[in-house]
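Residue numbers (our numbering), protein chains in the order written: chain E, 1 to 819; chain Z, 1 to 283.
No lab work stands behind these hints, which were simulated from the structure alone. Cβ atoms here follow ideal geometry from the backbone N, Cα and C, with glycine treated the same way. Mixed in with the good hints there might be a few duds.
[As the list claims (entries may be wrong)] Label-pair restraints from in silico Cβ distances:
| hint | chain 1 | residue 1 | chain 2 | residue 2 | range |
| --- | --- | --- | --- | --- | --- |
| 1 | E | Thr583 | Z | Thr213 | 39 to 49 angstroms |
| 2 | E | Pro489 | Z | Ala187 | 30 to 40 angstroms |
| 3 | Z | Leu206 | E | Ala148 | 46 to 56 angstroms |
| 4 | Z | His180 | E | Thr128 | 43 to 53 angstroms |
| 5 | E | Thr583 | Z | Ala238 | 17 to 27 angstroms |
| 6 | Z | Ala187 | E | Thr583 | 53 to 63 angstroms |
| 7 | E | Pro489 | Z | His180 | 17 to 27 angstroms |
| 8 | Z | Arg210 | E | Arg205 | 54 to 64 angstroms |
| 9 | Z | Ala187 | E | Thr128 | 23 to 33 angstroms |
| 10 | Z | Thr213 | E | Asp537 | 39 to 49 angstroms |
| 11 | E | Ala148 | Z | Leu109 | 33 to 43 angstroms |
[Stated by the list, open to error] So these bits of chain Z aren't anywhere near chain E, every CB distance computed over 10 angstroms:
| hint | residue |
| --- | --- |
| 12 | Glu58 |
| 13 | Ala69 |
| 14 | Leu109 |
| 15 | Arg178 |
| 16 | Met179 |
| 17 | Leu237 |
| 18 | Leu240 |
| 19 | Arg241 |
[Claimed, not checked] Every beta carbon over 10 angstroms from chain Z, so not counted as near; a handful from chain E, in silico:
| hint | residue |
| --- | --- |
| 20 | Lys202 |
| 21 | Phe225 |
| 22 | Ala283 |
| 23 | Leu475 |
| 24 | Asp513 |
| 25 | Pro516 |
| 26 | Arg741 |
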Amino acid sequence: MPPSLQSPEALDPGDLFAASPYPPSPETPADPTADAADLAEALCRTYGPRIVARVDLPAREAHWADFPEALDPALAAALRARGIARLYRHQREAVDHALAGRHVVIATPTASGKSLCYHLPALQRFRTQGKKALYLFPTKALAQDQVADLLEINRAGALGLRTCTFDGDTPGDARQAIRQHGDLVVTNPDMLHQGILPHHTKWARFFENLGTVVIDELHTYRGVFGSHLANVLRRLRRILRFYGADPTYILCSATIANPEELAAGLIDAPVEAVRESGAPQGARSLLLWNPPVINADLGLRASARSQTLRVARQAVARGLKTIVFANSRLETEVITKYLKDVFDADPRRPPRVAGYRGGYLPTERRDKERKLRDGSLDCVVSTSALELGVDIGALDVCILNGYPGTVAGAWQRLGRAGRRNRPALGVLVASSQLLDQYIARHPEFFLEASPERARIAPDQLLILMEHVRCAAFELPFVVGEKFGGEDLPTLLAYLEEQGVLHREGASWHWIADSYPANAVNLRGGADGNFTVIDVTDGRKDVIAEVDLSSAALTLYEGAIYLLQAAPYQVERLDWTGRKAFVTATRADYYTDAIDYTKLKILDDFERGGTAEAACAHGEVHVVRRVAGYKKIRFGSHENIGYGPVSLPDQEMHTTAVWWQLTEGLLDRRFADRQTALDGFLGAAYALHHMAALLSMADLRDFGRAVGDGSGTWSAVTGPDGRGSLRGLGGQDLGQALAAPRFRPTVFLYDNQPGGIGLAAPLYDLRGELLARSLSLVRDCGCREGCPACVGPVLPASARGGLAAREAALAVLELMRGAE
Amino acid sequence: MTDLAALRERLARRHGPPPPSGRALGELAVRIERLRGRAMVRGPAGRPPLAGALAGVETAPGLVLVERAYPLWHRVGRVPLAGLPGVRAEGFPADPLRCLFLDTETTGLAGGTGTVAWMVGLGRLGTDAFGLRQWVMAGFAAEAALLGALAAEVRRDDVLVSFNGKSYDLPLLATRFRMHGMPDPFAGLPHLDLRHPLRRRHGAGLPDGRLKTLEEAVLGHRRERDLPGAEAPAAWLAWLRDGRVGLLPEVARHNRADLLAMAALCQCLGDTEKITPATARLA
Ligand SMILES: [Zn+2]
Numbered sequence: 001m002p003p004s005l006q007s008p009e010a011l012d013p014g015d016l017f018a019a020s021p022y023p024p025s026p027e028t029p030a031d032p033t034a035d036a037a038d039l040a041e042a043l044c045r046t047y048g049p050r051i052v053a054r055v056d057l058p059a060r061e062a063h064w065a066d067f068p069e070a071l072d073p074a075l076a077a078a079l080r081a082r083g084i085a086r087l088y089r090h091q092r093e094a095v096d097h098a099l100a101g102r103h104v105v106i107a108t109p110t111a112s113g114k115s116l117c118y119h120l121p122a123l124q125r126f127r128t129q130g131k132k133a134l135y136l137f138p139t140k141a142l143a144q145d146q147v148a149d150l151l152e153i154n155r156a157g158a159l160g161l162r163t164c165t166f167d168g169d170t171p172g173d174a175r176q177a178i179r180q181h182g183d184l185v186v187t188n189p190d191m192l193h194q195g196i197l198p199h200h201t202k203w204a205r206f207f208e209n210l211g212t213v214v215i216d217e218l219h220t221y222r223g224v225f226g227s228h229l230a231n232v233l234r235r236l237r238r239i240l241r242f243y244g245a246d247p248t249y250i251l252c253s254a255t256i257a258n259p260e261e262l263a264a265g266l267i268d269a270p271v272e273a274v275r276e277s278g279a280p281q282g283a284r285s286l287l288l289w290n291p292p293v294i295n296a297d298l299g300l301r302a303s304a305r306s307q308t309l310r311v312a313r314q315a316v317a318r319g320l321k322t323i324v325f326a327n328s329r330l331e332t333e334v335i336t337k338y339l340k341d342v343f344d345a346d347p348r349r350p351p352r353v354a355g356y357r358g359g360y361l362p363t364e365r366r367d368k369e370r371k372l373r374d375g376s377l378d379c380v381v382s383t384s385a386l387e388l389g390v391d392i393g394a395l396d397v398c399i400l401n402g403y404p405g406t407v408a409g410a411w412q413r414l415g416r417a418g419r420r421n422r423p424a425l426g427v428l429v430a431s432s433q434l435l436d437q438y439i440a441r442h443p444e445f446f447l448e449a450s451p452e453r454a455r456i457a458p459d460q461l462l463i464l465m466e467h468v469r470c471a472a473f474e475l476p477f478v479v480g481e482k483f484g485g486e487d488l489p490t491l492l493a494y495l496e497e498q499g500v501l502h503r504e505g506a507s508w509h510w511i512a513d514s515y516p517a518n519a520v521n522l523r524g525g526a527d528g529n530f531t532v533i534d535v536t537d538g539r540k541d542v543i544a545e546v547d548l549s550s551a552a553l554t555l556y557e558g559a560i561y562l563l564q565a566a567p568y569q570v571e572r573l574d575w576t577g578r579k580a581f582v583t584a585t586r587a588d589y590y591t592d593a594i595d596y597t598k599l600k601i602l603d604d605f606e607r608g609g610t611a612e613a614a615c616a617h618g619e620v621h622v623v624r625r626v627a628g629y630k631k632i633r634f635g636s637h638e639n640i641g642y643g644p645v646s647l648p649d650q651e652m653h654t655t656a657v658w659w660q661l662t663e664g665l666l667d668r669r670f671a672d673r674q675t676a677l678d679g680f681l682g683a684a685y686a687l688h689h690m691a692a693l694l695s696m697a698d699l700r701d702f703g704r705a706v707g708d709g710s711g712t713w714s715a716v717t718g719p720d721g722r723g724s725l726r727g728l729g730g731q732d733l734g735q736a737l738a739a740p741r742f743r744p745t746v747f748l749y750d751n752q753p754g755g756i757g758l759a760a761p762l763y764d765l766r767g768e769l770l771a772r773s774l775s776l777v778r779d780c781g782c783r784e785g786c787p788a789c790v791g792p793v794l795p796a797s798a799r800g801g802l803a804a805r806e807a808a809l810a811v812l813e814l815m816r817g818a819e
Numbered sequence: 001m002t003d004l005a006a007l008r009e010r011l012a013r014r015h016g017p018p019p020p021s022g023r024a025l026g027e028l029a030v031r032i033e034r035l036r037g038r039a040m041v042r043g044p045a046g047r048p049p050l051a052g053a054l055a056g057v058e059t060a061p062g063l064v065l066v067e068r069a070y071p072l073w074h075r076v077g078r079v080p081l082a083g084l085p086g087v088r089a090e091g092f093p094a095d096p097l098r099c100l101f102l103d104t105e106t107t108g109l110a111g112g113t114g115t116v117a118w119m120v121g122l123g124r125l126g127t128d129a130f131g132l133r134q135w136v137m138a139g140f141a142a143e144a145a146l147l148g149a150l151a152a153e154v155r156r157d158d159v160l161v162s163f164n165g166k167s168y169d170l171p172l173l174a175t176r177f178r179m180h181g182m183p184d185p186f187a188g189l190p191h192l193d194l195r196h197p198l199r200r201r202h203g204a205g206l207p208d209g210r211l212k213t214l215e216e217a218v219l220g221h222r223r224e225r226d227l228p229g230a231e232a233p234a235a236w237l238a239w240l241r242d243g244r245v246g247l248l249p250e251v252a253r254h255n256r257a258d259l260l261a262m263a264a265l266c267q268c269l270g271d272t273e274k275i276t277p278a279t280a281r282l283a
């Protein structure tokens, strides 16, 4: 992706040094009778024009159900001792399914008492049948929170359940005892994959008696992670068959469009769904807030942060428990600092505002969570680290500083505000970025659209193959066995040829001296993350982790790496060892990688359109090279120099959707090919964002490029704001503009090697994608183009020729012919 | 997708070319070799070549038993085995007649369920000789028979003696027994793992704590033509794939040398070592 197309998606580092436009001022004291509904009214009165949509959800009453009759008396007594005398209807429903041996997925809103839906069946089966349970959580923090309840029930009733956490921190001498005596084992998919399944014989007693498998936070298992987990669960089921166990699966999900489908896909079995919550809920309002326009020419709006701070100050001043979500760690820090300046100016009083993000130590985070629960904090500013089910109690107000990228993610965060008997308020403040502005203009898309479908592709060949290896290590495969949707004997024959399996008669045995699970990272490419190591003054502290795909763009030698607003310079990059050594610096500039992407079409699976305008999806070969970097001064953004970068090319085969127009069509429509090329870059920007919105996905799940389809040139936006044709090393190939054959092509490619199944569904949506992209660019409030439509551009007066927005619009219109 | 060639192509396109399989032979040649190898394992006529090559007998389909006996005056370096029985040898930590020496050769060091002990040697002192029995699998199908043979060999009052068996051989065998749904006959036996006691007593100044190093330093015995243990996996693999007996006799000899060294080293422990009961492994 050309660097100039990237900057709007990153936080502008210049903001760090800009003075806050809203200096702190004394606040009015809290009004104890005010609630979130009053705040909503006050905001609507004062800021009516900024509120582009308002939704009011009425209060909901509780629907109760009794304990199941067969509930173990000691368990029932324990629940009563914990103040639980009856269940919500959805809890009872889930428990009934599970105890009848039917797999069940619970997809009710945040804070509806989901964990009881699985604690109860697990405890009941333990008490009445001596059955064990396996709990899977995506992260440790979540595991701790959800299990805390269970421990208290267990203690209250002296139920005798031995609960153990088995993860990377479990000491070696405790492991044996857990395997032997654990009744309920809490772990994560990674540990199941690397530490448990390949050693299943040590867990024989546990597996033989396993009655319940719980998978919480189901919605996090999408894309690559979900595809891996589906295969880990295939392996688990294989092992369980070996030990003759057939447990019931209980899965819990936040709001997604397809919980049953995802659950059934993960466990390869039909699943009952519980979607109606019986928990009571106070009235809730949701405001969609678009900052006011401050420069009509440039379509420039006030920053989201300024609006977020405004709302947060009013909420906290009214004594409402408030959470602010920001989309980056940096933004979190900045907002926290500002709110602390306002509310925590007096050092003698306990702080009312705290930040919360991934980088804090676990103990600090636990402390903040506790303070939120017990009400001693009034406001927390958080990254997505708090998005998942971490228990922070009920809050009054939730403010989203910018759209978090997915509809499900937004609802999930907004769900943080909501009390059983008090009104709550959610405010989504749109930033200037494309998706935010799209939602501000089309609130119905956000409010009415069903949340994203979580998709997995467990039969993606590379992923499947990794797990066939792992499975063969765990138990020999035998003729007639099934594993996944591909032809297993062929996969096994391939592995035999690779020398890792040996076929003997009707079975395939692992024969290599290696531990295949160690080579597979469930959360992304097998290549692993880079660690960033601070070596300032002889230190050796790991300060961050960066995934492989962004490492090349952020950790090249000479790069300025920003961590919590502090600049570090990369001194040395150990590419093979996956380490970057950095030192703290006072540099007054940041760096921006100059990279070139070359795409070559290998195969089209499906093709539509005409001879002059085609749309297709298929397999492509992608090569990315970081050729150098620019040094850009903070504040003024002037380019103050260049540096060379020498890194290996990143190559992959993946799937893509592309639109290609011929020179004939373009020459008829455009006065010159340069303008057409500018139009392609703008169209690509709009298509990319709309594709992320329509798929499920993060922007980063797709790559975008404009090239010629045969890997000769790729187009980037040059310093003059215009498109230019470059080779992989950055050499100018401008002469190709005049070539008889000129076929610019927009590619949106699946950013995971091999593809994770994003391209084919996107191709099916191509009509809607193009229509939405067209309306996005056509209806944007800017004059010549802006980050909310075609990307940041120089005004036409500075560039010469057609405005970028018009050019993009023309290209998108021509592409409609390809439908 | 229906055939291997198509799969190979798809994988290669997504992933780059497959890693070399480590065999220089052409594909067809490999297949032919492999087929020939299989034919030899199951050779209908006469004695299977593996048993012959190892000077053993096939006691069950695909399972070869190699037996050797060493007179008690046999020396390992300075130390004769003869010091052991009858008169209770000085420093020997348990009744020598109850000691069951154990050493395995495996498909690798990766651990977990994907590693197999394809050769298991057991040694036992009698009143006039040190008897060694080694079981060797001609293929995976013989594993159950091998495990059964081991189980038949264990007596209730045996004291297990190994070198590094606590962390390696015994967990691995426990896994194998569990994989075949058989009870682990070694579970619960008292177990003397020589590795740490020997290292504590004799390890000072030695470059490492390996059996061979201790054998040279403590017993003054240098093995001739010893195949490094690390080559054992490849030797069995060559046999499996291509039916070549190759280095298997060398591995068997190495396994016997390990057992002999353990028996001799047992006398060099001093009398401070207590035999602690093995912790219960798999149920
Ligand atoms: Zn615009």
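> So which hints don't hold here, by number, going up?
Replying inline: Per hint list: 4, 5, 8, 14, 15, 16, 17, 18, 19, 20, 23, 24, 25 violated.
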